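Q: Spelled out from the first residue to the last, the chains are:
Protein chains: 2
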Amino acid sequence: MNHQPTLSDIHFILHEVLRAPASLQSLPNFAEVDADLMRQVLDEAGKFVGEVVAPLNRSGDEVGCQFSQGQVTTPPGFKEAYQAFWQAGWPALACAPEDGGQGLPTVLEAVLYEMLSAANHGWTMAPGLLHGAYECIKHHASDELKARYLEKIASGEWLATMCLTEPHAGSDLGLVSTRAVPQPDGSYQLSGTKIFISGGEHDLSENIVHLVLARLPDASPGPKGLSLFLVPKFLPDGTRSAVHCERIEEKMGLHGSATCVLRFDAATGWIVGVPGRGLNAMFVMMNAARLHVALQGMGLLEAAWQKAQAYAQERRQMRAPGRRTSAAQADLIIEHPAMRRILDTQRAWIDGGRVLAYTTALELDMVKHHPDAQRRATAERWCSLVTPVLKAAWTEQAFKGSSECLQVFGGHGYVREWGIEQIVRDSRVSMIYEGTNEIQAIDLLVRKVLADGGAGITSLLASLLSSEKNSNQPSDSLGSKVKTLTELTQQLVATSAADPTLAYWVADDYLRAVALTLLQWAWLRIQQARPDEAGTADAARWLNPAAALQHWILPEFAMRLSIIQARLG
Amino acid sequence: MNHQPTLSDIHFILHEVLRAPASLQSLPNFAEVDADLMRQVLDEAGKFVGEVVAPLNRSGDEVGCQFSQGQVTTPPGFKEAYQAFWQAGWPALACAPEDGGQGLPTVLEAVLYEMLSAANHGWTMAPGLLHGAYECIKHHASDELKARYLEKIASGEWLATMCLTEPHAGSDLGLVSTRAVPQPDGSYQLSGTKIFISGGEHDLSENIVHLVLARLPDASPGPKGLSLFLVPKFLPDGTRSAVHCERIEEKMGLHGSATCVLRFDAATGWIVGVPGRGLNAMFVMMNAARLHVALQGMGLLEAAWQKAQAYAQERRQMRAPGRRTSAAQADLIIEHPAMRRILDTQRAWIDGGRVLAYTTALELDMVKHHPDAQRRATAERWCSLVTPVLKAAWTEQAFKGSSECLQVFGGHGYVREWGIEQIVRDSRVSMIYEGTNEIQAIDLLVRKVLADGGAGITSLLASLLSSEKNSNQPSDSLGSKVKTLTELTQQLVATSAADPTLAYWVADDYLRAVALTLLQWAWLRIQQARPDEAGTADAARWLNPAAALQHWILPEFAMRLSIIQARLG
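Chains as they are written, first to last, in this note's numbering: chain A, 28 to 596; chain B, 28 to 596.
No incorrect hints appear here.
Identical copies go unnamed one by one, so any copy, or any two together, can satisfy a pair.
Simulated pairs of lysine to aspartate or glutamate, DMTMM-like, Cα-Cα distance not exceeding 20 Å:
id: 1; residue 1: LYS251; residue 2: ASP358
id: 2; residue 1: LYS173; residue 2: ASP126
id: 3; residue 1: LYS251; residue 2: ASP199
id: 4; residue 1: LYS427; residue 2: GLU583
Don't read these hints as lab results, they were simulated from the structure.
Values in this document were obtained by computation on a predicted structure and should not be read as measured data.
The whole structure should be built from the sequences, with the hints applied where relevant.
A: Have a look at this one:
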């Protein structure tokens with residue numbers, strides 16, 4: 028069973044819950060973006076995802092990428108699908124019109140990538156890397172480089188990579204040792220080895236543009252000595268550059284994406300941005316990239332949920348409690364409480380996650396395009412604080428929740444047949460890349476919350492309550508969480524001054540507490556958009572996960588609080 | 028890096044914490060079993076595990092079992108290792124001397140299988156199935172069958188299977204439809220298809236003895252119509268019987284063990300026990316089998332912890348908070364709080380789990396051999412109530428905890444190189460087989476706790492406190508958990524009378540609450556055995572996980588309680 032996006036759910040959240048078209052139309056750039064256009068774009072995207080990309084998921088896992096003598100062959104059909112994808116204009120969806128893009132909102136790109144990841148995580152890695160490269164080149168490269176590469180990257184005709192990690196330099200980029208030696212013609216020769224390079228070599232596009240962190244000869248050690256370089260697979264004159272794929276990794280999953288070891292052998296490249304500011308050039312795109320990873324998590328969990336839900340509605344196993352009168356020999360799996368709980372719980376994470384991720388994508392549009400500086404600052408604050416939370420909490424849920432969905436299949440879940448175990452394997456990497464989830468937690472608490480004495484998060488939390496207009500909603504509990512978290516933040520600020528290690532011990536718990544608060548807020552927004560739901564035919568569709576949230580997800584908040592408070596003493 | 032058992036930890040728990048030799052010597056059968064003998068047996072076992080079984084783990088995963096034309100070829104070295112294993116007498120360790128066994132305590136067998144699973148889960152599946160078959164044949168088969176099969180199974184010269192599951196009959200064995208037709212000579216002809224048969228076909232031993240659930244022609248539908256049959260791969264006259272391996276499953280992990288689809292084509296077999304009592308014959312061995320699966324979980328988690336601990340002590344990455352003065356460019360991974368937390372938390376689960384699992388194995392010895400009926404009944408109660416808790420909680424921890432250990436490696440954890448991702452994949456199945464973890468929870472709460480109105484669990488919980496002799500220990504918190512759980516049990520008993528569905532909604536939470544209570548008890552026993560630990564060189568070895576238990580594991584108790592209480596209303 029190939030994945031098919033459920034567009035009606037996505038439209039409901041974008042239109043009914045978030046009223047996205049109205050927000051977007053307040054921006055001069057998107058005055059033309061109405062509800063019809065948004066629906067039409069996403070319906071088309073969903074069609075492409077379901078018809079072209081999803082059918083390649085299984086063989087992508089089973090055949091995988093093959094390596095031979097420096098060449099990578101992607102699984103059957105991957106190249107044709109990618110060629111169709113970029114030629115249809117999908118990578119350029121949210122790129123600026125002056126770069127050949129369609130100039131549509133980031134939120135549409137976000138939904139596109141959620142659907143793509145759900146259908147085929149491995150394949151999606153390739154175009155997923157374009158958007159960071161586009162932003163990076165657009166904002167930091169010289170006009171000459173832009174003229175040569177920007178449109179090719181915007182359109183997706185050429186694919187791109189991010190070459191950061193080296194053996195012994197993973198989370199800690201300050202240890203990077205690749206060297207870049209300036210040449211008389213203004214180019215550089217790069218030498219060193221990069222590992223874990225997704226799409227470092229493949230046959231999907233005719234050229235590959237590598238963005239490479241390296242150190243100039245006179246650079247200081249540590250992160251401040253790093254500069255960013257553009258190194259193409261094929262040089263402008265058509266010759267092959269000295270970037271060699273030495274091998275691809277054997278991985279737990281994600282076999283449809285080649286994870287390469289790249290050796291730069293005095294490879295020709297050009298500097299992007301200012302010497303010593305390489306990390307800054309990359310950090311520009313980090314919130315967007317991390318949001319993409321959070322969306323991968325949501326997509327993968329959606330794919331797992333769909334499989335498990337379908338299986339549970341079709342297969343019978345044992346008597347469910349209280350159902351002794353059925354004519355069949357056994358009851359549907361979905362009628363068993365433990366299975367119902369698994370399914371509704373994942374649904375609560377997915378739906379609430381979508382509200383938060385799409386909100387964040389809308390806020391990215393505000394950051395880029397809103398005329399009012401103060402509104403841009405609020406949006407910036409939201410993205411900065413919420414993105415690491417989404418990345419960590421929803422990739423964790425993708426892995427744990429898809430494993431729960433696997434459980435619905437019993438022994439059938441452990442075998443390849445139903446495709447659910449692939450999701451568990453594929454999703455695991457999302458907890459690691461683009462900054463491990465532990466680093467997301469430190470990013471949130473240490474680098475963002477404590478850095479401004481808690482001011483930013485306090486304002487953000489307060490804004491969650493002010494947007495609760497409808498006083499009939501049971502928002503008390505959200506109110507008490509906001510109050511608790513605000514006070515807790517102040518305690519952490521005060522205590523951390525004397526004990527700088529403290530925050531590192533409780534960062535994960537703090538991130539979880541924020542995630543649960545945001546999730547509750549998201550569900551209040553869903554419930555506000557469905558005031559009369561009790562009477563409708565599909566009431567259970569939204570009421571069941573809302574109940575699951577209350578019963579099984581939110582109790583973790585008090586536990587996280589108690590863990591942090593015990594540390595505070 | 029191949030797994031090596033840490034015998035010193037195991038000896039400490041058996042000898043210092045549990046004082047196992049003294050308990051065992053109180054049994055007439057084990058009067059000769061002293062501390063030296065126990066150490067010697069386990070040291071030898073550890074040697075075999077480390078030298079013979081562990082080195083085959085990686086190729087077992089990578090090469091896997093191969094299927095061709097009804098034959099299964101196990102990975103290179105598996106057959107030789109298995110032949111050495113049974114010839115050295117390891118399968119017969121705890122079998123009765125009259126059956127050719129060594130008559131040693133079950134607890135030694137338990138430790139052996141924990142070590143084997145840690146070293147090579149796939150290989151261990153083969154001998155792991157012998158013990159249930161041995162008990163089953165010993166207690167239920169006719170003298171003629173016993174004469175033909177019991178010693179071969181006891182010694183492990185012939186391997187065995189359990190053929191229960193069929194397509195559409197997994198957790199619900201009542202749906203089994205394989206037919207057994209009596210023949211004039213007293214044998215039966217079995218016809219049907221069984222799936223998920225571990226070791227259903229292989230080249231490890233010269234014969235395979237299948238124990239098969241099937242239905243006599245006149246049997247009633249449902250579980251009470253099932254009988255048990257013995258069907259050998261080779262009949263006593265040397266001819267091949269009509270059991271055919273149709274294929275083996277492609278699985279998420281456990282590639283070293285063939286999971287077979289077996290077709291019985293009027294295959295000759297003999298009844299084991301009484302017609303219609305097939306399930307009873309199998310349930311006899313269920314506690315022992317489930318304990319083995321719990322031990323697999325502990326073994327796999329130990330293996331994952333060892334890998335992650337070694338990596339974290341060797342690799343450097345970023346500055347750890349509060350360590351700005353080191354001469355190196357970065358600090359050891361183990362110095363980072365989030366990583367320390369992962370490692371100490373798993374250690375707390377493993378060490379406490381060992382206390383509980385070894386206690387349970389000792390209680391199984393009491394059940395079998397204690398002269399006093401009342402002591403046997405107490406032991407029976409412990410095994411009955413604690414086994415499903417260990418199976419569910421420790422297999423879940425094996426999967427989640429090994430995934431946490433994977434996180435310690437960063438991106439390196441996701442690739443095959445370090446072997447950690449194999450543990451995550453292999454361990455996942457333990458949450459499913461021998462009764463899914465959800466079924467364990469129902470077994471505990473519905474079939475055991477509620478069935479006697481809570482009397483058994485109440486006595487067991489009380490016994491946890493009475494064994495806390497040393498009033499200096501901080502057992503308050505255990506006392507309050509016992510009190511809370513006892514009251515909660517009474518509430519559940521009372522409420523369930525009117526609402527039989529309730530227990531199914533909270534069974535998982537109840538099991539977790541019991542697991543955490545038992546884990547705390549286990550750690551109090553460890554701490555009692557180390558009264559002067561603060562002064563010793565390796566104090567951190569036990570103090571760190573004890574602290575992890577308090578900080579990060581036990582807070583879940585209150586959360587589970589709140590979830591159950593919300594349901595109770």
